[in-house]
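4 protein chains.
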Amino acid sequence: MQMGMIGLGRMGANIVRRLVKDGHECVVYDHNPDAVTVLADEQGTTGVSSLAELRDKLCAPRVVWVMVPAGDITTSVITDLADTLESDDIVIDGGNSYYRDDIAHAKILSEKGIHLLDCGTSGGVWGRERGYCLMIGGDDYAFAHAEPLFITIAPGVDAAPRTLGRHGELAQAEKGYLHCGPCGAGHFVKMVHNGIEYGMMASLAEGLNILHNADIGTRMQKGLETGDAETAPLENPEFYQYDIDIPAVAEVWRRGSVISSWLLDLTASALHESPALSEFAGRVSDSGEGRWTVIAAIDEGVPAPVLTTALYARFASRQLFEFGAKVLSAMRKQFGGHDEKPS
Amino acid sequence: MQMGMIGLGRMGANIVRRLVKDGHECVVYDHNPDAVTVLADEQGTTGVSSLAELRDKLCAPRVVWVMVPAGDITTSVITDLADTLESDDIVIDGGNSYYRDDIAHAKILSEKGIHLLDCGTSGGVWGRERGYCLMIGGDDYAFAHAEPLFITIAPGVDAAPRTLGRHGELAQAEKGYLHCGPCGAGHFVKMVHNGIEYGMMASLAEGLNILHNADIGTRMQKGLETGDAETAPLENPEFYQYDIDIPAVAEVWRRGSVISSWLLDLTASALHESPALSEFAGRVSDSGEGRWTVIAAIDEGVPAPVLTTALYARFASRQLFEFGAKVLSAMRKQFGGHDEKPS
Amino acid sequence: MQMGMIGLGRMGANIVRRLVKDGHECVVYDHNPDAVTVLADEQGTTGVSSLAELRDKLCAPRVVWVMVPAGDITTSVITDLADTLESDDIVIDGGNSYYRDDIAHAKILSEKGIHLLDCGTSGGVWGRERGYCLMIGGDDYAFAHAEPLFITIAPGVDAAPRTLGRHGELAQAEKGYLHCGPCGAGHFVKMVHNGIEYGMMASLAEGLNILHNADIGTRMQKGLETGDAETAPLENPEFYQYDIDIPAVAEVWRRGSVISSWLLDLTASALHESPALSEFAGRVSDSGEGRWTVIAAIDEGVPAPVLTTALYARFASRQLFEFGAKVLSAMRKQFGGHDEKPS
Amino acid sequence: MQMGMIGLGRMGANIVRRLVKDGHECVVYDHNPDAVTVLADEQGTTGVSSLAELRDKLCAPRVVWVMVPAGDITTSVITDLADTLESDDIVIDGGNSYYRDDIAHAKILSEKGIHLLDCGTSGGVWGRERGYCLMIGGDDYAFAHAEPLFITIAPGVDAAPRTLGRHGELAQAEKGYLHCGPCGAGHFVKMVHNGIEYGMMASLAEGLNILHNADIGTRMQKGLETGDAETAPLENPEFYQYDIDIPAVAEVWRRGSVISSWLLDLTASALHESPALSEFAGRVSDSGEGRWTVIAAIDEGVPAPVLTTALYARFASRQLFEFGAKVLSAMRKQFGGHDEKPS
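Residue numbers (the numbering used here), protein chains in the order written: chain A, 3 to 345; chain B, 3 to 345; chain C, 3 to 345; chain D, 3 to 345.
Quick caveat, the hints were computed from the structure, so don't treat them as lab data.
There could be a bad hint or two in this list.
To be verified - Below 25 Å or equal to it, Euclidean Cα-Cα: the simulated SDA-like pairs (lysine to any residue) are: (1) Lys224(C) <-> Thr77(B); (2) Lys335(D) <-> Ser276(A); (3) Lys224(C) <-> Gln321(B).
Model the full assembly from the supplied sequences, consistent with the hints where possible.
Rendered as structure tokens:
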């Protein structure tokens, strides 16, 4: 079927490539005309230079996928589409929008009779090949109309062995996409997905960091690591004499272990390329979803200490506790006369 | 090759089954004679009724796998083997021993010239079919001698697609087992593996709990959930109106998402069987490894807030903060005159 | 000077009592006429039965303190005051409003030329006697006009020994009140104060809980506490044989220790009254400020793991992780065949 | 009465000063003879140059206070005292020993009939003036014999107002010292005290850090703070426009607020001296007690997330998560193609 795509960054372009490969017809637009030309040439899609042209090249009811940065840019595109599209058309926001924005966006569109589907899209740079996990919110009409597109974009049932106990007809979720509920439900589920992702990533990172320091007893005994009067000495250096081959450990865990996972696969790959990861400084960014997940937990009044702690570790990696840490050192100086250990 | 197995619980018996199926010859012992008879009949293995008999049925240098509960029982079996086996024989402790105990056990055995391999074994009830991920510590002689057994017990290279960037000859870790270092290194790596497992499990559990409560706005508006004067009301009930099909969400995440993992597979299976999980009370046990991982982090002086928080959530699920919580309520009563909200 | 008080609950009435005792003149109103009558009789204040009457009894520019529950009720009173008061009048919101609401309320009032001071008020049931710590936001005109009231309501300089290094004229903060900045700054500072309060309370509660369980070795050895196959046994029961007199410990810490604090004083008092705190169930409420503090940390992108963890411990004490805990038990059952330990 | 003091650092010397001032007679020893001379001259105490001389100058049964660094040095002094002192003599370990070491030390001493009191001593550099909070473990004979010394060293009842509800004869704890239980109980209680101290300190530090960043909206709008494509932008810059005078806030909280505490007093003093605390780098040391408290919580199986998180924040302030953070950035690069934000 036909689909318009607005935003031809890596994600948008790769979704178009999956659709075209499966026989769908795409009309593509980007605010950068070069991106349009390149993709149109490469994929035999129709490139357009305005939203109006995009509308005119698509048969009604139209389906237009928006794949632009979340926040003000998405809102601006949605607002323009409200002015450009027609009643019964469908807009899919496939970006990382806050689900609360979906509710506002749906209101803008619905005043013109246009439907919004919010579609959380997971898969990163690997999605073109593996397919994208799709978590979709919106009304039934819009979902049903766009479903053939989701079928193509999603990984499909073969991407994982069937869950034990499932028999007979495939459930929707088994094909890699899910209509999660009304407007916002898709991005809500995607938000929580990313919150979980933060926690899993931090779990692996903390564990590997413990392995990385498993030789601290040796280092202390060799004088490579020096304690100071202020800091607790290692009590049992004899128990920390291991020089662990961390890339090999990540690799071995990929087979048969309880923690085998795609994140572990990626970690093994990164460590194989660069065992010390010395090209990284360890300043870890966070996008919005981790923060929103925590705010959802707090609003709901449910504990999410692991997910939150994982988020805070990223903040701390960017030195954002600096003043707080100075306060701690200042207190220690006040009550104990302790000077800071020099770095 | 030949191997003796001591301890014919689920794990020990299944390892024997994998070995026999692949052509190895097993001599099996358990303190429960019935377990010996059953397995010997089923698998065509040689059942014995004493450690001395086990020793006599094996050619030197012998390999004896110990698969009994960690702690005092393992220490007792190791001590008996020190008296029974001969110089150059090899004992493999495949249980969940604390790596510090390995160091003590190796000392007991080495006085008789016997070698210890500590072997962290991950795979649970699925290992018979999937193979076990093996993390091994000990000296090179012992490892090399026992390696054919590890090859059979491990999942093998086909259990996962090859890591991007790896070419040519297979590394040891790619076959699902790894000689991690000297005595204790295997159980150290397994310990950290389980620490990571706790963090990943908690990440999934917290995320699903947030989804489970995504309808709290609806419940509050319907009066199903009542706030009280003491507890903060929900500020934006309109943002929490989602009735999420959690088994379906777990299923959809299995394909193409960043958090796809074996733990997610198991979660999807459990939720498919029982969407509300009402057969569980939510009292979550912990075995030693999570605790030992935290102690290792603290000894090393490295932060592990996610893994630790995951452990504490299990403690809290068993109501072990009860007195602390009473202290909090008592303080609130003291300074604010606040009574506890009735349950 | 004159002041109107709206809301004669414990806090409002006690503030009136402090003001009257120091020679100020109060006009008091509550939606419950009995509360007005009682306080008017007791304190020789002027009771009124409507906001209009309150306005008429006060000389311009008026100062009206609002001490009603935060949220919708405060907004409603503020809106009514916008219709009742006159230009240059001053409204003080002394309740626990969200600082973001202050910004909205100030806008409503400023359209009529009325000023808002947001005043975070700490002191609980003890404030009448000890005075209230006041954190104030708003413009300079309003603050200067109302300052004589703050001087009376605050504890005054004698409430604490002078900070080392401070000399000469008293700073405003030394008298127990502070103009923290523009609209919202007062409640922002009060919000963070309460966030810190949560962290301090949890610190004491966790520590006392560890002392409470310092006899777990004895209990295990006596069979009063039973482990199970699933849960890690206590490795060193000999190190946990202490039967600590917790009320006495709280008392001894009050003198000379680093953690001496008002919260400790209250804890000592509560434990003296009731050493086992058996009248509490341990379901700990939270009001909004702890949640808002965490949201502020997340918005700012700074780590606040201690304050957040303290908040989550309260959620957990109210059994709000139940589904998540069931997920954990279900996963353990799936991969390890572990049944839950019966309670 | 008479007491010997071994170790004339700041704590040891100040305890001698308190004792002498109150009429006790001290015999003092340090491995540095100059320290002995200085204190002997200053305080009219008897300086000695060996443990044997110390023994000879004291009447039996002797009381000898050991105030030297915890760990190997304390063990060495205790061992020497076992060889030097006589049956019925009493050794007080007033340092920061691990309570488990007390149990070992008591065994060494008891073989000679010598008693050990373990005495957790809180008060830091202020103890000379304020008195020291004393938490004591050991047998009744030893405690009773040494009690007159504890009475002098402790702050005494006047150091705090009497706890509401306490009447009649003063309890021991009200005088600022407490016999907490058998050997090790004193250092156990002191250990938990310090764990609580970590949590309270972190609570203040996190809260002040949130206030410190309350102007992040202004900074972003002025371009002083720049986001990047990778990191979530601030959603509501209008809510973060506060330029808070943090020294003044710390000061105002000292009077009438719920969080008034000695740690807050010290913080106010430090911030008054140096509002930006720019002489500190924010590398926060930790001594053993915080770590031991966490290990106790884990051994007991009780949650202590706040105390543990506070400890980890100190580790993180010393950049001890560096490899873990690199792992996180590497994963982000792998799945999302995200580069690290430059610092």
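Hints numbered earlier in the text: which of these fail when held up against the supplied structure? Failing hints: none at all.
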